[in-house]
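**Q** The residues making up each chain are set out below.
2 protein chains.
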Amino acid sequence: MNIRKYVYGIDLGGTTTKMGLFTTDGNLVEKWSIHTDSKQKGSNILDNIAASIIGNMKSHSLTAFDIQGAGIGVPGPVLDERYVIPCVNLNQWGGFDVAHELSRRIGTVVKVENDANLAALGEIWQGSAKGSQSLVFITLGTGVGGGIVMDNKIVSGKHGAGGEIGHMCVNHQSDRQCSCGNKGCLEQYASASGLVRSTLEALTQSDCPSSLRGISPLNAKVIFDHAKMNDDLSTQMVDQFSDSLGKAMAMVCCVCDPEVIIIGGGVSAAGHYLLDKVKTSFLRHAFPGCLNVKFRLAKLRNDAGIYGGAKLVLL
Amino acid sequence: MNIRKYVYGIDLGGTTTKMGLFTTDGNLVEKWSIHTDSKQKGSNILDNIAASIIGNMKSHSLTAFDIQGAGIGVPGPVLDERYVIPCVNLNQWGGFDVAHELSRRIGTVVKVENDANLAALGEIWQGSAKGSQSLVFITLGTGVGGGIVMDNKIVSGKHGAGGEIGHMCVNHQSDRQCSCGNKGCLEQYASASGLVRSTLEALTQSDCPSSLRGISPLNAKVIFDHAKMNDDLSTQMVDQFSDSLGKAMAMVCCVCDPEVIIIGGGVSAAGHYLLDKVKTSFLRHAFPGCLNVKFRLAKLRNDAGIYGGAKLVLL
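Order-wise, the sequence lines are chains A and U. For what it's worth, the working numbering labels the leading residue of the first sequence as 3, then goes sequentially. For what it's worth, the working numbering labels the leading residue of the second sequence as 3, then goes sequentially.
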């Protein structure tokens with residue numbers, strides 16, 4: 003009997019598709035990426051991924067019998083690990099059984115999940131929550147993504163909306179419109195774009211001195227850097243940002259009470275300076291039973307998705 | 003080989019302990035209850051339960067070989083389906099491995115869980131979420147309890163705080179102190195006592211006419227009844243109550259995206275009048291992906307806990 007020793011992880015993004023060949027015991031053998039062709043509603047996406055995977059198999063002299071399968075993360079909700087709801091970031095690509103279509107092309111088992119959910123799974127498999135059974139993963143970039151793993155299983159939800167933490171309302175009085183159609187979502191406060199927006203509003207609405215004045219364009223890194231240099235307004239903005247996250251995490255813990263909370267994404271480059279502020283806010287708001295939840299920074303960075311894709315096949 | 007056809011469900015409450023003998027295919031054979039003796043830190047609780055179970059086995063000519071086990075719900079957090087953190091409502095009874103101690107006395111497998119979590123499990127097994135894979139159960143009584151089941155498994159959490167929805171903060175500006183130590187918890191607004199408190203405040207702070215004036219003592223049923231008779235202030239209060247629940251459910255769905263939300267507990271006697279208002283608020287606040295979640299009233303009422311206890315053993 004053939005022992006299937008390898009597994010592929012794929013992370014389909016709006017501009018780039020990352021791929022990795024892993025051993026089933028969790029070692030990354032090779033990683034690479036290809037351009038995501040989202041033209042024509044992404045009609046070439048699966049052909050391109052399949053060609054790249056088949057090419058990689060050949061280069062390692064692997065056949066379909068050596069491969070346990072491929073797990074692919076996509077930027078949108080997924081039902082039953084197969085059906086992808088059309089993705090806004092991929093010109094509405096989706097609306098069909100992606101697992102079936104990719105499996106047909108590469109000749110192995112394929113499972114599909116939301117990309118943030120797979121990043122969560124990757125972090126619990128080989129990242130900073132390794133050895134834990136449950137985590138909440140939150141990714142702070144242009145938006146706020148989330149993934150939840152309980153008892154080593156992804157909480158993807160009945161409608162693929164499990165872990166959509168960025169769309170929890172943290173301010174019911176807010177008039178900040180979110181892309182989801184609601185107002186006051188966490189994403190409007192705890193994302194890079196939310197931070198810039200809050201900061202521009204604060205700079206306009208007061209004439210208090212700030213080392214940020216005159217810097218254009220502002221971005222999240224600059225604001226964090228000036229906060230670290232003790233600029234008052236920047237510090238206030240970063241505190242507000244962290245506080246909205248801390249409050250949201252306190253609410254999330256009343257729902258699923260994870261072992262670990264991991265913060266990743268571009269903004270998490272602010273490191274322990276950010277993590278400590280979020281934790282401080284969390285401790286002020288959390289249900290007493292959850293005060294011992296561990297806070298960690300993500301470890302796998304851009305590779306979390308491909309790790310999670312590989313692990314999905316092995317579950 | 004002996005086929006174990008029966009299972010016991012036990013619901014340990016502050017004043018009464020409910021018990022039920024079930025067939026393993028989900029039929030309630032007999033139910034009864036005994037007084038909960040919480041004196042001396044509840045030192046007689048397990049002896050009394052064991053005596054009652056053993057008496058019931060005798061009356062049905064059952065031996066330990068006929069019984070698959072017993073599942074018991076307790077009013078507090080539980081770790082690993084066995085260790086009970088001391089219960090406030092039972093004079094600090096707990097702090098030990100209840101599964102082991104009860105198992106030793108009755109000679110069968112015993113599993114332990116939080117009572118609201120078991121009520122959730124009961125409703126998904128034989129109640130109004132029968133046939134579903136995931137639900138959020140919320141029980142509206144003196145306080146607000148919650149239980150979550152995902153993929154037919156209870157989300158009890160790393161610290162036993164899974165489903166503690168009553169302690170999600172729904173008003174960060176609030177100065178309403180909760181028993182948990184925090185302020186603005188859902189329980190302070192969406193419980194019977196929260197509703198009475200809000201109503202008394204509203205009656206005191208204005209002199210607007212209301213059919214509630216002069217009624218003493220007020221309770222949740224009276225306020226709902228007057229709202230149903232179109233008293234303005236009562237309607238406002240019930241709307242506020244339902245809105246805090248609808249908003250909280252919208253946040254919960256961004257975390258775990260269940261198939262069904264079930265509302266139970268004493269206040270749920272207000273029926274579809276309440277359910278419709280909660281759903282209306284939910285639809286106004288929910289993440290679009292979750293708009294199709296089903297809202298239902300609990301069906302098993304006071305028996306949900308014993309059903310859940312029995313099912314816990316069968317998982």
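Treat the hints as calculated values from the structure; they're not laboratory data. Heads up, some of the hints might be wrong.
Heads up, the list lumps identical chains together, so a pair's fine if it works in one copy or across two of them.
Said to hold, decoys possible - Derived pair list, reagent style BS3-like, types lysine-lysine, alpha-carbon separation capped at 27 Å: (1) K41 to K230; (2) K296 to K185; (3) K60 to K43; (4) K132 to K43; (5) K41 to K223; (6) K132 to K33; (7) K185 to K33; (8) K7 to K230; (9) K132 to K155; (10) K230 to K296; (11) K7 to K296; (12) K301 to K60; (13) K20 to K33; (14) K301 to K41; (15) K43 to K185; (16) K301 to K223; (17) K296 to K43; (18) K279 to K20; (19) K185 to K279.
**Q** Give a verdict on every hint.
**A** Cross-check of the supplied hints:
Taking the shortest Cα distances, K41 and K230 never come within 27 Å of each other, neither inside one copy (42 Å) nor across copies (56 Å). Within a single copy, K296 and K185 get their C-alpha atoms only as close as 30 Å, which misses the 27 Å cut-off; across copies the closest is 23 Å, which meets it. Taking CA atoms no more than 27 Å apart as the test, K60 paired with K43 passes in neither setting, with 29 Å inside one copy and 69 Å between copies. Taking the shortest alpha-carbon separations for K132 and K43, neither the intra-copy value of 37 Å nor the inter-copy value of 40 Å comes in at or below 27 Å.
In this assembly of identical chains, K41 and K223 lie within 27 Å of each other by CA distance neither inside one copy nor across copies; the values are 32 Å within and 60 Å between. For the homomeric pair K132 and K33, the shortest alpha-carbon distance inside one copy (21 Å) is at most 27 Å, but the shortest distance between copies (45 Å) is not. Taking the shortest Cα distances, K185 and K33 never come within 27 Å of each other, neither inside one copy (39 Å) nor across copies (49 Å). Taking identical chains as interchangeable, the C-alpha atoms of K7 and K230 are never at most 27 Å apart, the minima being 47 Å within one chain and 65 Å between chains.
In this homomeric assembly, K132 and K155 come within 27 Å of each other (Cα to Cα) both inside a single copy, at 14 Å, and across copies, at 22 Å. Taking the shortest alpha-carbon separations for K230 and K296, only the intra-copy value of 24 Å comes in at or below 27 Å, while the best inter-copy value is 47 Å. For the identical chains of this complex, K7 and K296 are neighbours neither inside a copy (33 Å) nor across copies (43 Å), given an alpha-carbon limit of 27 Å. Taking the shortest Cα distances, K301 and K60 never come within 27 Å of each other, neither inside one copy (31 Å) nor across copies (59 Å).
Proximity of K20 and K33 under a CA criterion of 27 Å is satisfied intra-copy only: 7 Å inside one chain copy versus 58 Å between copies. In this assembly of identical chains, K301 and K41 lie within 27 Å of each other by CA distance neither inside one copy nor across copies; the values are 33 Å within and 51 Å between. Proximity of K43 to K185 under the C-alpha cut-off of 27 Å is found in neither arrangement, the shortest distances being 29 Å within a copy and 49 Å between copies. Only within a single protomer do K301 and K223 lie at most 27 Å apart by alpha-carbon distance; the minimum there is 19 Å, versus 53 Å between protomers.
For the identical chains of this complex, K296 and K43 are neighbours neither inside a copy (41 Å) nor across copies (33 Å), given an alpha-carbon limit of 27 Å. Taking identical chains as interchangeable, the C-alpha atoms of K279 and K20 are never at most 27 Å apart, the minima being 32 Å within one chain and 46 Å between chains. For the homomeric pair K185 and K279, the shortest alpha-carbon distances inside one copy (25 Å) and between copies (20 Å) are both at most 27 Å.
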